[in-house]
Amino acid sequence: MWEYSDKVKDHFFNPRNIGELEDANAVGEVGSLACGDALKLFLKIDPETEKIVDARFQTFGCGSAIASSSALTEMVKGRTVDEALKITNQDIAEYLGGLPQEKMHCSVMGRDAFHAAVACYRGQPAPSEELEGQLVCECFGVTDEQIRHEVKANNLTTVEQVTHYTKAGGGCGLCHEKIAGIIQQVRGERKQEPKTEKPAPRMTNLQKIAKIQDVIEKEIRPMLQQDGGDVELVDLDGNRVLVALRGMCTSCPSSSLTKGGIEAKLRELVHPDLFVEEVAA
Amino acid sequence: MKKVVYLDNNATTKVAPEVFEAMRPYFTERYGNPSSMHSFGGSVAREVSAARRSLAELLGASPQEIVYTSGGTESDSTAILSALATNPGRREIVATRVEHPAVLNLCKHLARTKGYIVRWLSVDKDGMLDMNEVRNKISDETALVSVMWANNETGVIFPIDEIAEIAQEHGALMHTDAVQVVGKIPIKVSESNINFLALSGHKLHAPKGIGALYIKKGTRFSPFVIGGHQESDRRGGTENVPGIVGLGAAAALARKNLVEENTRVRQLRDRLQKALLERIPACRVNGHLERRLPNTLSIGFEYVEGEAILMRMDEKGICASSGSACTSGSLEPSHVLRAMGVPFTAVHGSIRFSLSRFSTEEEIEFVVRELPGIIEFLRSISPFGRDALSAICTVH
Chain H
1 MWEYSDKVKD
11 HFFNPRNIGE
21 LEDANAVGEV
31 GSLACGDALK
41 LFLKIDPETE
51 KIVDARFQTF
61 GCGSAIASSS
71 ALTEMVKGRT
81 VDEALKITNQ
91 DIAEYLGGLP
101 QEKMHCSVMG
111 RDAFHAAVAC
121 YRGQPAPSEE
131 LEGQLVCECF
141 GVTDEQIRHE
151 VKANNLTTVE
161 QVTHYTKAGG
171 GCGLCHEKIA
181 GIIQQVRGER
191 KQEPKTEKPA
201 PRMTNLQKIA
211 KIQDVIEKEI
221 RPMLQQDGGD
231 VELVDLDGNR
241 VLVALRGMCT
251 SCPSSSLTKG
261 GIEAKLRELV
271 HPDLFVEEVA
281 A
Chain G
1 MKKVVYLDNN
11 ATTKVAPEVF
21 EAMRPYFTER
31 YGNPSSMHSF
41 GGSVAREVSA
51 ARRSLAELLG
61 ASPQEIVYTS
71 GGTESDSTAI
81 LSALATNPGR
91 REIVATRVEH
101 PAVLNLCKHL
111 ARTKGYIVRW
121 LSVDKDGMLD
131 MNEVRNKISD
141 ETALVSVMWA
151 NNETGVIFPI
161 DEIAEIAQEH
171 GALMHTDAVQ
181 VVGKIPIKVS
191 ESNINFLALS
201 GHKLHAPKGI
211 GALYIKKGTR
221 FSPFVIGGHQ
231 ESDRRGGTEN
241 VPGIVGLGAA
251 AALARKNLVE
261 ENTRVRQLRD
271 RLQKALLERI
281 PACRVNGHLE
291 RRLPNTLSIG
301 FEYVEGEAIL
311 MRMDEKGICA
321 SSGSACTSGS
331 LEPSHVLRAM
341 GVPFTAVHGS
351 IRFSLSRFST
361 EEEIEFVVRE
371 LPGIIEFLRS
381 ISPFGRDALS
391 AICTVH
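Taken in order, these protein sequences are the chains called H and G.
Quick note: the first sequence uses UniProt numbering, first residue 1, plus one each step.
Quick note: the second sequence uses UniProt numbering, first residue 1, plus one each step.
Chain H with its partners taken away, still in its complex shape:
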């Protein structure tokens, strides 16, 4: 049984803004009956102000799909289109007090439906068509571009995570290697990317160390310990984070992935310029 938050349950049992919107001027559709979930989003946008005056939805899907749809309509109402476009799938999940990892694709579906509706409003091709690319997962019809996009947007580091967010790889499993290849490719590109445009927070070394310790303690260690591993912060040299991997992680062939995962978490939660190096324990 899933551990749904009270907010998810509330939005499932009492969904807001259900049904069609007669005078909608933007409609976005994602998913299908065959995939097991589908969302049709209706928006009424004021052409003068580009404000979203009303939002309604119809969803076929599980509890978290219905809750994510309901949350999405509440989140976009009253905002301008540009403001609402900034809403990420993580924002939807957070609004709901979190979603089980396996259900993150429901929040992705919400964001995608909104982007599709906006594209419809602006007379642009649907975003999924833009992200055409090559088919990777045949079971759920997911392309390499879609996977690449989600890996970047959500800092995904494992095939399992990609499945949770995009469904890719959730069927026969034949595409797992391809997905792993895409993850590595994206991570490789990211290292060479120029620094993010958002000004990085100014932090003293002491502040950084304290924050890194905190993130390791709360976010990273529990994850590694599930697999019988562990990590320890050894030193910080500028933005160079020296860590020692212990237990199962040291001998694990995917330890480069583990290191990548730690780096992604630290960049996300502490400072975008950090990079992780492994030292002997």
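No lab work stands behind these hints, which were simulated from the structure alone.
Treat the hints with care, since some could be wrong.
As the list claims (entries may be wrong) - Straight-line Cα separation of at most 20 angstroms, EDC-like style, residue types lysine to aspartate or glutamate; simulated pairs:
1. Lys2/G x Asp10/H
2. Lys51/H x Asp82/H
3. Lys178/H x Glu138/H
4. Lys9/H x Asp314/G
5. Lys316/G x Glu3/H
6. Lys137/G x Glu162/G
7. Lys2/G x Glu3/H
8. Lys9/H x Glu315/G
9. Lys316/G x Asp6/H
Using the hints provided, position chain G relative to the given structure of chain H.
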């Protein structure tokens, strides 16, 4: 705790009060080890033997043919691994695509890691086997045929005796996962060519953690759990005495209640099926209507998703289960319903109700009252809801 309408008995059952009472002394009073030399422990061995006789009688077996295990999965593993170990010259396994994971995943594992060839038997839209395919796939290369007696999701019953005969003609061993049938339909293994039969206590009102494996006399055997001399050297480890006593008591009750399972429980199931089909448009029964366990109803509600149905039923206290992908954590819906070719409009919204002799008419009426509204609401918020309204209610 709120009132619970428990219609998920293929998942697990309530321990019958008589079973619990029979077990009670074996925790704090008669806690001796049946292998001990002193009479305090040794006297318990007599109860273990009595329970074995009771279970053997339910199966139509002799007590020496029963080995206690920790449950259905251990029994399946023991049977399959033993059959392969004692048939080293044969490298093929024949099994159905709709086996329980206890068999399905072990067979896949053996194919992956030990190079066994698994010949999978498919099922038709009613969940039935094609006997011609069965005959074609079983050969002199077959070490083991493993076919469940009845399917846990649809309740469809397979012709095990007939398959066992074909297996024997080719010198292959026959194993059946009978977890869902023991106590629900009459069984007489002595008249059949079945070599192994797996059962689980908690599906017939005994507790979880106890099961048994029937091993036909004369079948070569290689133990799975190796240790002490318990169970005549066929399964090491100190006996789960309370569980064994409970299983013996449950077997005696099952014998007594077999008729009720097939009359009153069947009538309740049929009533539930008829009322839901009448009241809810666009739904269909999964599985053959006749060749089916008396307690099981798998029904697909088109254009709605199973987890959403389960959550709304749960709010009313109704317990059932779903073949939907979303409830299992995997993204693919039930391998059983997909193997049957259930259309994707119905597979995601398939719900399994499984009754027991503790099910009541009031409970069935409650579901019949509550469920149509739940389906109607979920369809009203679905982009495909209109399709459902235009469809008509069908049994296939």
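Here is what the structure says about each hint:
1. As the CA atoms of Lys2/G and Asp10/H are separated by approximately 19 angstroms, the hinted pair is consistent with the 20 angstroms bound.
2. As the CA atoms of Lys51/H and Asp82/H are separated by approximately 9 angstroms, the hinted pair is consistent with the 20 angstroms bound.
3. A C-alpha spacing of about 12 angstroms is found between Lys178/H and Glu138/H, which places the hinted pair at or below 20 angstroms, so the restraint holds.
4. For the suggested pair Lys9/H and Asp314/G, the alpha carbons sit about 12 angstroms apart, so the restraint of at most 20 angstroms is met.
5. With a CA separation close to 18 angstroms, the supplied pair Lys316/G and Glu3/H stays within the 20 angstroms bound.
6. For the proposed pair Lys137/G and Glu162/G, the alpha carbon gap of about 14 angstroms is at most 20 angstroms, so the pair holds.
7. Distance restraint check for Lys2/G and Glu3/H: the Cα-Cα separation of roughly 19 angstroms lies within the 20 angstroms cut-off, and the hinted pair is therefore satisfied.
8. Straight-line distance between C-alpha atoms of Lys9/H and Glu315/G comes to about 10 angstroms, which keeps the hinted pair within the 20 angstroms bound.
9. Proposed proximity of Lys316/G and Asp6/H is supported: the alpha carbons are some 17 angstroms apart, at most 20 angstroms.
In the structure shown, no violation is registered for any of the earlier numbered hints.
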